[in-house]
Amino acid sequence: MSASAMHADEWPIDVALVRRLLAAQFPRWAELPIERFASSGTVNALFRLGDDLAVRLPRIAGGAGDVEREHRWLPWLAPKLPVPIPAVLGKGVPGDGFPWPWTVHRWLDGENPREGHVARPARLAADLAEFIVALRRIEPADGPPAYRGGPLREVDEETRTAIGLLEGTIDTGTATAAWQEALAAPGWDGPPVWTHSDLMPGNLLVADGRLSAVIDFGTAGVGDPACDLIPAWNLLPASVREDFRTVLGVDDATWARGRGWALSMALIQLPYYRETNPAMAANARHVIQEVQSETSSMASTSGAPLAVETGGGSL
1 MSASAMHADE WPIDVALVRR LLAAQFPRWA ELPIERFASS GTVNALFRLG
51 DDLAVRLPRI AGGAGDVERE HRWLPWLAPK LPVPIPAVLG KGVPGDGFPW
101 PWTVHRWLDG ENPREGHVAR PARLAADLAE FIVALRRIEP ADGPPAYRGG
151 PLREVDEETR TAIGLLEGTI DTGTATAAWQ EALAAPGWDG PPVWTHSDLM
201 PGNLLVADGR LSAVIDFGTA GVGDPACDLI PAWNLLPASV REDFRTVLGV
251 DDATWARGRG WALSMALIQL PYYRETNPAM AANARHVIQE VQSETSSMAS
301 TSGAPLAVET GGGSL
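If you're matching positions, the sequence shown starts at 1 in full-length UniProt numbering and goes up one per residue.
Hints were generated in silico from the structure; no laboratory data involved.
We put the CB at the ideal spot given by N, CA and C, even for glycine.
Please note that a few of the clues may not be correct.
Just the calculated beta-carbon pair ranges, DEER-fashion [claimed, not checked]:
{"id": "1", "residue 1": "Glu130", "residue 2": "His71", "range": "20 to 28 angstroms"}
{"id": "2", "residue 1": "Gly164", "residue 2": "Pro144", "range": "31 to 39 angstroms"}
{"id": "3", "residue 1": "Glu130", "residue 2": "Pro191", "range": "20 to 28 angstroms"}
{"id": "4", "residue 1": "Ser239", "residue 2": "Gly173", "range": "23 to 31 angstroms"}
{"id": "5", "residue 1": "Ala38", "residue 2": "Thr246", "range": "32 to 40 angstroms"}
{"id": "6", "residue 1": "Asp208", "residue 2": "Gly97", "range": "40 to 48 angstroms"}
Make the full structure from the sequences, and use the hints.
And the structure:
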């Protein structure tokens, strides 16, 4: 978990700033106890406010637009989902030198699950699948494009750059082969559906082994549902991965794209957060290992070696 700066252009945020913003804009909450909540989140700084509230401020300019997205869509999505999601109780505006909008949310109880330490994997897999199915069934309406709702080739250059940065740290040949395989999968040809687009362990809350809430909808929107398959590799053990897939009714192409999203995210995150966010880096290593093990096993079963291609790949 990290409360320190992770980005070169990160805004300095502390309890004193939060107190001043509250006093100016939400004085009814300004005297409540404030405590910084260290998390693996990379875009927002989180503070617990009293017993029942949370203050969330963008760390970087790129997170400012997420505030408006969540303010617009969270109330619309919430009643259609099987577990709680954040409720925005106050939308703050720039002030006291802080340049972006920010929010006060209702606090949601629970703990972040951790890869390799899932207490009830079959139950959690079922809960996650139920959440994803419910999200997919929501009318797309005029929902915004999901952050990862497009084709994998949009992150091809960034992914290959990350592989180069990890030379000597991971098996880059196998990683490249797994990435090529994902790029080669047919693209999504169905209608766009709602996706969360960032189902990392840090955005999930569990209680007694059950999914109790899903948070951080800043990347949510409509698009290819493959991006919401990433918990299969970033959290769930291999023993329940196929059950998760079966409940979701995922075809081979969508599964391959989902694996590709999980791998790309991990490859990009590992060199960037290796020193500043240990939890994110550890999860990235876990994903890379899980994807490489799975693709190597598939190649062994089929009798065909994983070929490393030098071309860009296309959908």
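Structure-based check of each hint:
1. Glu130 to His71: 20 to 28 angstroms: For glutamate 130 and histidine 71 the Cβ distance comes to about 26 angstroms; the hint holds.
2. Gly164 to Pro144: 31 to 39 angstroms: holds (32 angstroms)
3. Glu130 to Pro191: 20 to 28 angstroms: Taking Cβ atoms as reference, glutamate 130 and proline 191 lie about 21 angstroms apart, which means the hint holds.
4. Ser239 to Gly173: 23 to 31 angstroms: This hint holds: roughly 27 angstroms between Cβ atoms.
5. Ala38 to Thr246: 32 to 40 angstroms: Holds - the Cβ-Cβ distance for alanine 38 and threonine 246, about 37 angstroms, lies within 32 to 40 angstroms.
6. Asp208 to Gly97: 40 to 48 angstroms: Between aspartate 208 and glycine 97, where Cβ atoms are some 43 angstroms apart, the hint holds.
Every hint, counting from the list given before, is met by this structure.
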